[in-house]
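Mind docking chain B on chain A? Use the hints.
Same order as they appear, the protein sequences are chains A and B.
Just so we're aligned, residue 2 is where the first sequence starts under this note's numbering, counting upward by one.
Just so we're aligned, residue 2 is where the second sequence starts under this note's numbering, counting upward by one.
Heads up, none of these hints are tricks.
Given that identical chains are not distinguished, each listed pair holds provided it fits within a single copy or across any two copies.
Only pairs whose alpha carbons sit at most 16 Å apart, straight line, appear in this in silico EDC-like list of lysine to aspartate or glutamate: (1) Lys453 - Asp164; (2) Lys250 - Glu375; (3) Lys431 - Glu470; (4) Lys214 - Glu375; (5) Lys4 - Glu171; (6) Lys182 - Glu306.
It is worth saying that the hints were derived from the structure and are not from the lab.
Spelled out from the first residue to the last, the chains are:
2 protein chains.
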Amino acid sequence: MTKNGADLLAQTLAENGIDTCFANPGTTEMHLVAAFGRETRMTTHLCVFEGVATGAADGFARMSGRPAVTLLHLGPGLANGMANLHNAKKAATPVVNIVGEHATHHLGLQAPLTADIEGMAATVSESVITATSADTIGADTAELLSGLTGPGAGVGTLVVPNDVAWTTTETSAPRMQHQPKPLHDPAMVGPAARALQAGPGSLMLLGAAFITKRSAELAHAIEQKTGCLVLTEAAVARMERGGGIPPLKRLPFHVDPATDLLKQVRVAVLAGARAPVAFFAYPGRASELLPDETEILALSPPLGELEVALEALAAELGARPVKYTSADVPNTDPQAPIAPDTLGAAVARTLPDRAIVVDESITNGGFLFTLCGEGKSHDWLNNRGGSIGYSMPVSIGAAVACPDRKVLCITGDGSALYTLQSLWTMARSKLDVTVVILANRSYRILANEMSKIGAGTPTDTTTPLLSLENPQLDWVQLANGHGVDAERVSNSAELEAALQRAFSRGGPRLIEAVM
Amino acid sequence: MTKNGADLLAQTLAENGIDTCFANPGTTEMHLVAAFGRETRMTTHLCVFEGVATGAADGFARMSGRPAVTLLHLGPGLANGMANLHNAKKAATPVVNIVGEHATHHLGLQAPLTADIEGMAATVSESVITATSADTIGADTAELLSGLTGPGAGVGTLVVPNDVAWTTTETSAPRMQHQPKPLHDPAMVGPAARALQAGPGSLMLLGAAFITKRSAELAHAIEQKTGCLVLTEAAVARMERGGGIPPLKRLPFHVDPATDLLKQVRVAVLAGARAPVAFFAYPGRASELLPDETEILALSPPLGELEVALEALAAELGARPVKYTSADVPNTDPQAPIAPDTLGAAVARTLPDRAIVVDESITNGGFLFTLCGEGKSHDWLNNRGGSIGYSMPVSIGAAVACPDRKVLCITGDGSALYTLQSLWTMARSKLDVTVVILANRSYRILANEMSKIGAGTPTDTTTPLLSLENPQLDWVQLANGHGVDAERVSNSAELEAALQRAFSRGGPRLIEAVM
Numbered sequence: 002m003t004k005n006g007a008d009l010l011a012q013t014l015a016e017n018g019i020d021t022c023f024a025n026p027g028t029t030e031m032h033l034v035a036a037f038g039r040e041t042r043m044t045t046h047l048c049v050f051e052g053v054a055t056g057a058a059d060g061f062a063r064m065s066g067r068p069a070v071t072l073l074h075l076g077p078g079l080a081n082g083m084a085n086l087h088n089a090k091k092a093a094t095p096v097v098n099i100v101g102e103h104a105t106h107h108l109g110l111q112a113p114l115t116a117d118i119e120g121m122a123a124t125v126s127e128s129v130i131t132a133t134s135a136d137t138i139g140a141d142t143a144e145l146l147s148g149l150t151g152p153g154a155g156v157g158t159l160v161v162p163n164d165v166a167w168t169t170t171e172t173s174a175p176r177m178q179h180q181p182k183p184l185h186d187p188a189m190v191g192p193a194a195r196a197l198q199a200g201p202g203s204l205m206l207l208g209a210a211f212i213t214k215r216s217a218e219l220a221h222a223i224e225q226k227t228g229c230l231v232l233t234e235a236a237v238a239r240m241e242r243g244g245g246i247p248p249l250k251r252l253p254f255h256v257d258p259a260t261d262l263l264k265q266v267r268v269a270v271l272a273g274a275r276a277p278v279a280f281f282a283y284p285g286r287a288s289e290l291l292p293d294e295t296e297i298l299a300l301s302p303p304l305g306e307l308e309v310a311l312e313a314l315a316a317e318l319g320a321r322p323v324k325y326t327s328a329d330v331p332n333t334d335p336q337a338p339i340a341p342d343t344l345g346a347a348v349a350r351t352l353p354d355r356a357i358v359v360d361e362s363i364t365n366g367g368f369l370f371t372l373c374g375e376g377k378s379h380d381w382l383n384n385r386g387g388s389i390g391y392s393m394p395v396s397i398g399a400a401v402a403c404p405d406r407k408v409l410c411i412t413g414d415g416s417a418l419y420t421l422q423s424l425w426t427m428a429r430s431k432l433d434v435t436v437v438i439l440a441n442r443s444y445r446i447l448a449n450e451m452s453k454i455g456a457g458t459p460t461d462t463t464t465p466l467l468s469l470e471n472p473q474l475d476w477v478q479l480a481n482g483h484g485v486d487a488e489r490v491s492n493s494a495e496l497e498a499a500l501q502r503a504f505s506r507g508g509p510r511l512i513e514a515v516m
Numbered sequence: 002m003t004k005n006g007a008d009l010l011a012q013t014l015a016e017n018g019i020d021t022c023f024a025n026p027g028t029t030e031m032h033l034v035a036a037f038g039r040e041t042r043m044t045t046h047l048c049v050f051e052g053v054a055t056g057a058a059d060g061f062a063r064m065s066g067r068p069a070v071t072l073l074h075l076g077p078g079l080a081n082g083m084a085n086l087h088n089a090k091k092a093a094t095p096v097v098n099i100v101g102e103h104a105t106h107h108l109g110l111q112a113p114l115t116a117d118i119e120g121m122a123a124t125v126s127e128s129v130i131t132a133t134s135a136d137t138i139g140a141d142t143a144e145l146l147s148g149l150t151g152p153g154a155g156v157g158t159l160v161v162p163n164d165v166a167w168t169t170t171e172t173s174a175p176r177m178q179h180q181p182k183p184l185h186d187p188a189m190v191g192p193a194a195r196a197l198q199a200g201p202g203s204l205m206l207l208g209a210a211f212i213t214k215r216s217a218e219l220a221h222a223i224e225q226k227t228g229c230l231v232l233t234e235a236a237v238a239r240m241e242r243g244g245g246i247p248p249l250k251r252l253p254f255h256v257d258p259a260t261d262l263l264k265q266v267r268v269a270v271l272a273g274a275r276a277p278v279a280f281f282a283y284p285g286r287a288s289e290l291l292p293d294e295t296e297i298l299a300l301s302p303p304l305g306e307l308e309v310a311l312e313a314l315a316a317e318l319g320a321r322p323v324k325y326t327s328a329d330v331p332n333t334d335p336q337a338p339i340a341p342d343t344l345g346a347a348v349a350r351t352l353p354d355r356a357i358v359v360d361e362s363i364t365n366g367g368f369l370f371t372l373c374g375e376g377k378s379h380d381w382l383n384n385r386g387g388s389i390g391y392s393m394p395v396s397i398g399a400a401v402a403c404p405d406r407k408v409l410c411i412t413g414d415g416s417a418l419y420t421l422q423s424l425w426t427m428a429r430s431k432l433d434v435t436v437v438i439l440a441n442r443s444y445r446i447l448a449n450e451m452s453k454i455g456a457g458t459p460t461d462t463t464t465p466l467l468s469l470e471n472p473q474l475d476w477v478q479l480a481n482g483h484g485v486d487a488e489r490v491s492n493s494a495e496l497e498a499a500l501q502r503a504f505s506r507g508g509p510r511l512i513e514a515v516m
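Bound conformation, chain A alone:
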């Protein structure tokens, strides 16, 4: 049969190993839908809001190591997906972001949906390519994919005018060119080793798109050998943890504990990390978290390849990984309310081997992270972009990438509302995701932030803007309404039992944990 530009796009993706699409299409994407339907190597998942599709593509790539494709409808569809594309970009996650566009001859007519798609896409993409003909869309696609493999990893947007999709072509699908990941600087290994040998007062800050088990073991060995401080950035896109992997400490999210922890640092080795900065600026507080006089050595570029650099550094130092014996998870009172400590203990005790934790616990996450580090082997995914509503979509992608693993999504209620339509796709695609909603019924972080930023304390007129009370959300009904089974728990023992049920029965399943 004859093929068209849409078929060539689908074939080019499939030829280059890209087989998963998270879609929310409209009229201008119907030829792409038809072509993806004909390309038997491609699997599509319908998302009923674009932010779900873009976050799912992020989660898929983090866990599979290869990009997924989105399929979005014109400028407004792209706009709805941009917050989670922002998060993917900040995590250097490769995403092939496909946006349908009006046919070329329709663009100047100011039709209702006409918008500046390239302008929008540029704000969240490393590269934006608009296809200009059916014959060349394969080459455009291969070029976009090539750019996502190397130092430009992140979001690549391909804009597909409808006439490019529907025009026939006989061109064959081309192959992408793999580009090398940014490497560490071998000349920095010696100086970095000498700096860390200063012990106290020296810091090694880790930040990669993926901190592997081996990287964690090497970092721990370097810490043991030198006595330096080892931290990861406050949010790491993906980290292997648990199951005897030495736990890494994170730089605190809040500016005061972070500056306090770093105040003795005289020399900092950056391994895949940037010099640390505060999440927000606060009056009278520093935005740059290291003391002014700190000497900074860049061992490897931000979000680049980390393991090779750490191997070289450990070899230089003669640091060998030593066995780590996990600590016990403390017992908690079964009747205790659900709070950061009991939450952390319940999850650490029940988390199945090889689980994937997608963490958007925000104000409640400290113990959770620490205690799970003593539990079974798992991957931990954090949001590097700061745009909330990331975790349920990312969980979808992780579950699609790893159908034989359990995914645990832990999210505040305020965050979960941004992309609650995720629940429907979890049910539609029968994904083994357990969602824990931490129902504190407020944007709790904001009451604290308000005074921290010098805007006073909440008053009668401002408290309503920080609260999710009145009316109270009922997450059991919200989940059921989307086709997902759910239950509500309100103490430590109930939470632990609910987690056990969810992990043994399989997902999707939602647990509303009232705090």
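Just chain B, lined up with the frame of chain A:
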């Protein structure tokens, strides 16, 4: 007490008659929240997704005639609000879109939430101003407001760096300068009148931000006098209808009936409208809907002032409004399934006087629009931007603007999902909105569009991307979960009874109408 840049912003808004804010703030907006809390003339409504806030601001301005303010959190918050800003822009609705930004000194540090806010905003705004100091933010605000009153009506974005908000100032709040709306061309009145006197073969196409009762009466008088074809654009931002106002016909949404209706047109008078174009391009079909040889006369500019132009045209023609006697709404079988005709009849029979209808019925809306035109007096709001998920947010704004009127929101289930968080704000702010969800459990428009655009018919692999079955959404639970009472109906009589109950008890209330 001392005041800061945030206070000056709030005071400038209030001094210029802007008193309503739809907010989804974060840390960088805490000083704005505090200032809005201190400004006693300002009322704030919390929205738990930004697209709700921006759509609400659109609906508020359409019904009140003055802009509301949004309050969004940095680039990702803006991104989430952009689809409904796109719709507002296309409707020329004035919106004061306020976006918080990092403090100036924090911007270069690549903090997680740093993004190109101005670049994003430019794609959906008529103007973008970034405040540079606490002393000048009042002048910036007044300039932005001034720009929204005249030919540049639409979205004005004010970016507020956090340090600008928190720095003290003694500057007083300035006043805006009202600019005139774009006027009609008096020299075109005579030629337009002569063109319409040709009767059949001549078209008057109306398109304004607001087609008033008087405009409808004048257009009807001109149609009666000349025998010309009078149509409105396919979507009008706001139209007064019913209660004996002569009903205006709309240009059909679909390209084939539209070109068929227009094929005899030899001369077209554009009154507040653009030359009509197809919503999408289709292979082998025209994008421009008027025949090639049509002579076009522009009486008044797109979305400008319409009534004065029509008064002049009617005077030139000696056309006087004549009384219109409403037709009867046809009876329907109480047991009939809910379908376009029975839906239209049920709404037309029950719609209370002075109701506001926010219409996102898409594939099901033809009879609804026509039959309501024979019912009681009401306003009809349509989406000019084509980005779905517009109607529930716009209903929020309409209800806040007109607390003594009933708001009826009619939306497809697929559309409603994009901004279902609207339901929570309806409950929180106790708004008298009745939402009818047309539950056809599919993106029904797309199956039709797929073949129309030449992409074949849905297959085993593509049908799932067009269907909302499996799992079925339960809108009663989704509404209850957000704190809104709801019921499900599945025939004509049940729908009519549910509408009567909702209108008599007051909202918010949701009716899931299974089709």
